[in-house]
Amino acid sequence: MRDGVAAVVLVVALVGSVAGFGVVTSELSAETTPEATFAVSDLDDGRVVVEHAGGEPLAATVRILVYDERRVLPDRTVHASNWNGTIRPGERRRLADPRFEPGQRLVVRWYGGDGQANLASARL
Numbered sequence: 152m153r154d155g156v157a158a159v160v161l162v163v164a165l166v167g168s169v170a171g172f173g174v175v176t177s178e179l180s181a182e183t184t185p186e187a188t189f190a191v192s193d194l195d196d197g198r199v200v201v202e203h204a205g206g207e208p209l210a211a212t213v214r215i216l217v218y219d220e221r222r223v224l225p226d227r228t229v230h231a232s233n234w235n236g237t238i239r240p241g242e243r244r245r246l247a248d249p250r251f252e253p254g255q256r257l258v259v260r261w262y263g264g265d266g267q268a269n270l271a272s273a274r275l
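So the sequence shown is numbered by this note's numbering: it starts at 152 and just counts up by one.
Just to be clear, a hint being listed does not mean it is correct.
[What the hints assert, rightly or not] Ranges of calculated distance between the beta carbons of each label pair, as one might list FRET restraints:
| # | residue 1 | residue 2 | range |
| --- | --- | --- | --- |
| 1 | S232 | P208 | 31 to 37 Å |
| 2 | L224 | T188 | 17 to 23 Å |
| 3 | A247 | N269 | 20 to 26 Å |
| 4 | L224 | R245 | 18 to 24 Å |
| 5 | R222 | R245 | 29 to 35 Å |
| 6 | R222 | E242 | 34 to 40 Å |
| 7 | L224 | A204 | 30 to 36 Å |
| 8 | G266 | P208 | 17 to 23 Å |
| 9 | P253 | R214 | 29 to 35 Å |
| 10 | V200 | G264 | 24 to 30 Å |
| 11 | V200 | T228 | 17 to 23 Å |
| 12 | E252 | A211 | 17 to 23 Å |
| 13 | D265 | D195 | 38 to 44 Å |
| 14 | A190 | D219 | 19 to 25 Å |
Read the hints as simulated data drawn from the structure, not as lab findings. Ideal placement from N, C-alpha and C gives every residue a C-beta, glycine not left out.
Using the sequences and the hints, build the whole thing.
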């Protein structure tokens, strides 16, 4: 009897985790995604600058992610940083990480109350 109860608890926990993950990672529709553009530039000293280049201010969490793309395995996150608070056009974020390499993919991802959306993507 104990094994049956443990199995039911495990299944319920697994279903709840998968359902919760789906809610957190859901992509938003174009109508819900904020109108904002970002520019990415590399500096000679290995730093990267991400600038809110235009559109509306963002009052939610924005994550800047840098991925090392791999053919067979899932992409590996090389760098991740949060940009919190209200982000207005013209504001910049300078990033320095010794793991930055040419060809890596940088993504600016916005997290809102109902999901997330990629606002920009660029190659270093």
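If I claimed the Cβ atoms of A247 and N269 lie 20 to 26 Å apart, would that claim hold in this structure? 23 Å, holds
A211 and E252 - C-beta distance against the hinted 17 to 23 Å: Roughly 30 Å apart at Cβ, these two residues miss the hinted range, so it is violated.
Given the range 24 to 30 Å, decide if the beta-carbon distance of V200 to G264 lies inside it. 29 Å, holds
Holds or violated: 17 to 23 Å for the Cβ distance of V200 and T228? Since V200 and T228 have Cβ atoms about 20 Å apart, the given range 17 to 23 Å holds.
Taking the CB of P253 and the CB of R214, does the distance hold inside 29 to 35 Å? Once the Cβ atoms are compared, 22 Å apart, the range 29 to 35 Å for R214 and P253 is violated.
So the hint says 17 to 23 Å: do the beta-carbon atoms of G266 and P208 match that? At roughly 19 Å between Cβ atoms, P208 and G266 fall inside 17 to 23 Å, so the hint holds.
Is the gap between the beta carbons of R222 and R245 within 29 to 35 Å? 31 Å, holds
Range first: 19 to 25 Å. Now tell me if the beta carbons of A190 and D219 are that far apart. 22 Å, holds
For the pair S232 and P208, does the Cβ-Cβ distance stay inside 31 to 37 Å? Taking Cβ atoms as reference, S232 and P208 lie about 19 Å apart, which means the hint is violated.
Distance restraint hint 30 to 36 Å, applied to the beta-carbon atoms of L224 and A204: Given range 30 to 36 Å: holds, Cβ gap about 33 Å.
Holds or violated: 18 to 24 Å for the Cβ distance of L224 and R245? Violated - the Cβ-Cβ distance for L224 and R245, about 30 Å, lies outside 18 to 24 Å.
Quick check: does the Cβ-Cβ distance between D265 and D195 fall within 38 to 44 Å? Distance hint for D265, D195 holds at roughly 40 Å.
In this structure, the earlier hints numbered 1, 2, 4, 9, 12 are contradicted, and the remaining ones agree with it.
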